[in-house]
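Undergrad: Sequence:
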Amino acid sequence: MQVLDKKIIFVGGKGGVGKSTSAAAIAWKAAGDGNRTLLISTDPAHNLGDIFDESIGGKITDISDNLAALEIDPAAETEKYIKGVKENITNVVQSSRMEEVNRQLDTAKASPGAEEAALFDKLISIILEESDRYDKIIFDTAPTGHTIRLLSLPELMGVWIEGMLKKRQKTNENYTQLLNDGDPVDDPIYEVLKVRKDRFSKAREILLDGSITGFVFVINPERLPIVETEKAIKLLDQYHLHVKTLIINKLLPDEAEGEFLLKRKEHEQHYLDMIEETFVKQEKIYVPLFPHDITEKRHLEAFSKYYLEG
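If you count by my numbering, then the sequence shown holds residues 1 to 310, one letter each, in order.
By construction, these hints were calculated from the structure, which means they are not laboratory data.
Worth double-checking, as some hints may not be accurate.
[Stated by the list, open to error] Computed list of lysine to any residue pairs in SDA-like fashion (alpha-carbon distance at most 20 Å, straight line): (1) Lys59 / Asp121; (2) Lys202 / Glu129; (3) Lys281 / Asp5; (4) Lys250 / Leu261; (5) Lys250 / Glu230; (6) Lys86 / Asn66.
[Said to hold, decoys possible] Label pairs and their in silico Cβ distance ranges: (7) Arg133 / Arg223: 34 to 44 Å; (8) Pro288 / Asp53: 18 to 28 Å; (9) Lys194 / Pro288: 50 to 60 Å; (10) Leu261 / Lys234: 31 to 41 Å; (11) Met274 / Lys194: 43 to 53 Å; (12) Met274 / Glu130: 32 to 42 Å; (13) His299 / Lys194: 46 to 56 Å.
The structure displayed is predicted, hence computed values, not measured ones.
Each residue gets a CB set at the ideal place from its N, CA and C atoms; glycine is no exception.
Sequences are here, hints too, so could you generate the full structure?
TA: Encoded structure:
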């Protein structure tokens, strides 16, 4: 599985296909191979704690030797994000206007995209600040649409910040000509934007570097996950984020018996053929349907060995 060679791995897919289990198995395997591994859930409906039978939450928690986990709370990160914005503008906005500005920022917490922006800010912090501590960083992402919005943010926000910087620079040049006898205007907002632009640029550079970052999608041999994944891969390609690995999860085992299961297996084969025809460029890992839920570490061990050989 070539994607396991990457330092940073994003695991995505439709809801219910087995993303969290697959991400946990990849992390478990990486840690077992001696890599210091950090497993992160960006899905508001966190499953990692259930899989490992551990209370994880919003702080990095040791799971086993070489393996730690973190469940990011989007609401808490949004709160922290807005608080940071308030601190950045405290010395910029007139004190008489701060109350109104703070009110607008508090309202912005509930606006569309606020959680994604805060979540991506946290993701950037992890990528830039935790990379030296860990050999592998695995992201268990939310369902497909959320993942696409999250991963497309570096490019979208980069363009937006670049536009803001140009406007601030032009304004500053005009003020410089009018005021202070031509002395440069000190603009703390410009500096804040520039710092953010540099962070976004670094994160985008890492995400686009195929030698560092890999993208995995998990699908089931069913029509809707196949169609949704095909659309997602094409959309991410537009942002130069290329999904090169698929995990086809919950295949009926060869030893399945009985008329119903045999008929179901024939039906499944149709979708397996469809997967082969649709995803020609992707490496494919096939995982069977297990007779039990993956809720114990020994189950995870069996799960990871099975498909990571694949």
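Undergrad: Is the distance from the Cβ of Pro288 to the Cβ of Asp53 consistent with 18 to 28 Å?
TA: holds (23 Å)
Undergrad: Run the distance test for Lys86 versus Asn66: straight-line Cα separation, threshold 20 Å.
TA: Violated, because 37 Å separates the two Cα atoms, which is more than 20 Å.
Undergrad: Starting from Lys250, check that the Cα of Glu230 is at most 20 Å away, please.
TA: Status holds; Cα separation ~19 Å.
Undergrad: Against the 20 Å threshold, does the CA-CA distance of Lys281 and Asp5 hold or violate the hint?
TA: The given pair, whose Cα atoms are some 18 Å apart, holds under the 20 Å limit.
Undergrad: Hey, Lys202 versus Glu129, does the alpha-carbon distance stay inside 20 Å?
TA: Distance of about 12 Å is within 20 Å: holds.
Undergrad: Could you say whether the range 50 to 60 Å given as a hint is met by the Cβ separation of Lys194 and Pro288?
TA: holds (51 Å)
Undergrad: Look at the Cβ atoms of Leu261 and Lys234 and judge whether their distance stays inside 31 to 41 Å.
TA: holds (34 Å)
Undergrad: Is it true that Arg133 and Arg223 lie within 34 to 44 Å of each other by Cβ?
TA: holds (42 Å)
Undergrad: When you take the CB atoms of His299 and Lys194, is the distance between them in 46 to 56 Å?
TA: This hint holds: roughly 49 Å between Cβ atoms.
Undergrad: For the pair Met274 and Glu130, does the Cβ-Cβ distance stay inside 32 to 42 Å?
TA: Between Met274 and Glu130, where Cβ atoms are some 39 Å apart, the hint holds.
Undergrad: Taking only the CA atoms, is the gap from Lys250 to Leu261 under or equal to 20 Å?
TA: holds (13 Å)
Undergrad: Given the range 43 to 53 Å, decide if the beta-carbon distance of Met274 to Lys194 lies inside it.
TA: holds (48 Å)
Checked against the numbered hints listed earlier, the structure breaks hint 6 alone; every other hint is satisfied.
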